[in-house]
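Trainee: In case you want the letters, here they are:
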Amino acid sequence: MHGPLDEIGLIEVLQLLQRGRRSGVLRVSGADVDLPHDIVIAEGLIVALLPEAGDAATLAALAARHLVTSSETADDPLLLAQPAAADARGQLARHALATMMHWQRGRFDFAETPPAAGPLSLSPEALVFDLVSAESQRVELAEALNDFHAVPDFVADDLLAQGAIPELTPRDWRILDAIDGRRDVAAVAAAVAEPIAEVAAQIQALQAAAILELRRPAADGGVAARAAIEAGRYEEAATLLRARLAEHGGDGEMWRALGLAEVGAGRFEHAIDAWQTWRDADPGRAGDAVALMQAARTMVEALRDARE
Amino acid sequence: MPAARSRDAQIVAALGRRLAAADATTLTNFAWFAARRGAHPAALEAARRAVTHGDAPRAAWRALERLAAGRTDGMLLTADAAEPAAPEPPRNPLAAAVSAHAQGQLAVAEACYLAALPQDALAAAASNGLAVLHEQRRERAAADAAWQHSVAEGNVAGRHNQALAMLRRGLPHRARANLAPLVVGAGAPAVLRFLAGYAALADQDPHAAIAILTTPGLDESARAQFTLGLACERLGRHDEALVAIRRALLMSPWYAPQVWLLQATADAALTEIPADLGESGALAHTADVLLSLGRSLLQTGHLGEALAVFDQVLTQQPSEPAALFHRGVVLAKLRRYGEALDDWERAGQADPASELGDASLRHARSARQLATLFASR
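Chains as they are written, first to last, in the numbering used here: chain H, 2 to 309; chain C, -17 to 359.
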């Protein structure tokens, strides 16, 4: 079983394998054909994902989350058996699979093997359900948090000192550690290297616990630019977005919007440039960026053919 | 950026007030957060409080150890939500200090002792622990000051340790003077009576040592019986020495007379920390008492047992001159002159300038003659 991802997406492939309770290794290659990803399937369930949720990646994630030290990851073979490691591995796998499910370039090859045990047990059907829920939550959060540009900060001292003792997870503490009154939600998510929607939801919970408050982003043209795109005023949107990007060149979301504005204005090559920058600024959404760039290139070629 | 630092300090202080009564996991994570914001004292205080909980996670001890040593690297967050079957009441900081002290984590112990000092009920015992810690670091002035406070409160462990420190500093007469008024009467604490006897022996007064060590209640103390045996042997009372040392050996194979005493709570049993850290100290004391036992066995004609005891010493310390000398005597009495000759020659080589070395070499010459005589018989 094999084929290109632009004909049959990874979601469908995994669902087929689950329904057939198949076992084996599904090798998936995205835009970078030299970087294959192996999804190990046992009777339809995903039991391993390499290298994204392998042992090395899991230990690195634990160290990055300040749950173990780098030296401990080398010295303690029992670390991977701990609940924190299982959580980290599952999270790494879900995030990687969510990205891969959006790929429209690349291919997949499935090799049947006897069922093998693995550290994961993920149902593709459940993953798809989670993806849909997460996307819906992401839209709601983006709306509530000014497209993730709201700026979290600690509440006033007297308020911070009062109230019930909150139950905070290690990720909550890392989020609090990244709060400096200047970073917006998107930047905080980037600083803690966690999915933006999950970080946004936790920031909202910290707001409800009277630890953080959220400030609306300073008038920077971002919101106005998106309104301009919605209204079809693409030149105005592009101008506003370039002005913002001149000051905040690392803002991936603005580069994505600039690409949309450029497409609207008919400048596909400029759009490709913007999305390339978006891909570099937000590697977690590289799949989306590549797909959009591919679409823009197709348009460029189509227009060139039409001119000729 | 001073303004940012100041804001960080305010945030840490406010959040710290809110989390004052939080569980060990939350306090540990707050310590991590405070340390990263540069608020070292608040971080240290949170870590101290975290470890006073019975279910403190490993990360709490790690944080305290590092913060107490002035470090912030290697601190960790924890997700451990320990849920003991029956919730344990929070331990006091003194219990945490004694536990850390017994494990040799001196920086952690110091931090916890300091946390316990402000509590009236714990202050005397905490001062004693701090004093021991200072003495171990050879900070004698600080140790004396801390013991002064502890002794003023009538803390028995403090009195014991203060006298032991005098002994270890080579001042046995001062140790005896300190202990003398405390060991009058049968109701005096056994740990103090033992130490008074041990101090008398160290002060070359075996008669006084025997008088103290034979008071009621000390016959169940291995270290008291070992010491009594040594005192009797010093006076040539070999039969009594044998009885005491054999009784002691039934209770413990080791003679460790010098221990620091710590107390985790007002009603807790005393925790002992060997004053001579590691095995070498205990071995040296045990070798002393075994030598004494061997000499008594030799003097009372128990040659086979004496030989076994000296063998035991020489297994641990193969060049111990006194053991070699006395084993040579036992072997000569058993007419094993060749082996006696070997032991005396080794004893003479080990310490040729001493009286024992000189005697060994003279005995070796005699043994050589006897060996030749027996060989030509």
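What the hints contain is simulated information worked out from the structure, not anything from laboratory work.
The reader is advised that the hints may include incorrect statements.
[Stated by the list, open to error] One side of the interface only, derived from the structure: several residues of chain H facing chain C at Cβ under 7 Å: (1) Ala127; (2) Phe130; (3) Asp158; (4) Leu161; (5) Ile166.
Just so it is clear, CB atoms sit at the ideal spot from N, CA and C, and this is done for glycine as well.
Trainee: Against each hint, give a clear statement of whether it holds in the structure.
Mentor: A quick look at each hint next to the structure:
1. Because the beta carbon of Ala127/H sits about 24 Å from the nearest beta carbon in chain C, more than 7 Å, this interface hint is broken.
2. For Phe130/H, the interface hint is violated, since its Cβ never comes within 7 Å of a Cβ in chain C; the closest pair sits about 26 Å apart.
3. Look at Asp158/H: its Cβ gets to within about 4 Å of chain C, closer than 7 Å, so that hint holds up.
4. Interface restraint check: Leu161/H against chain C, minimum CB-CB distance 4 Å, threshold 7 Å, status holds.
5. Satisfaction of the interface hint for Ile166/H is found here, the shortest Cβ-Cβ separation to chain C being roughly 5 Å, below the 7 Å cut-off.
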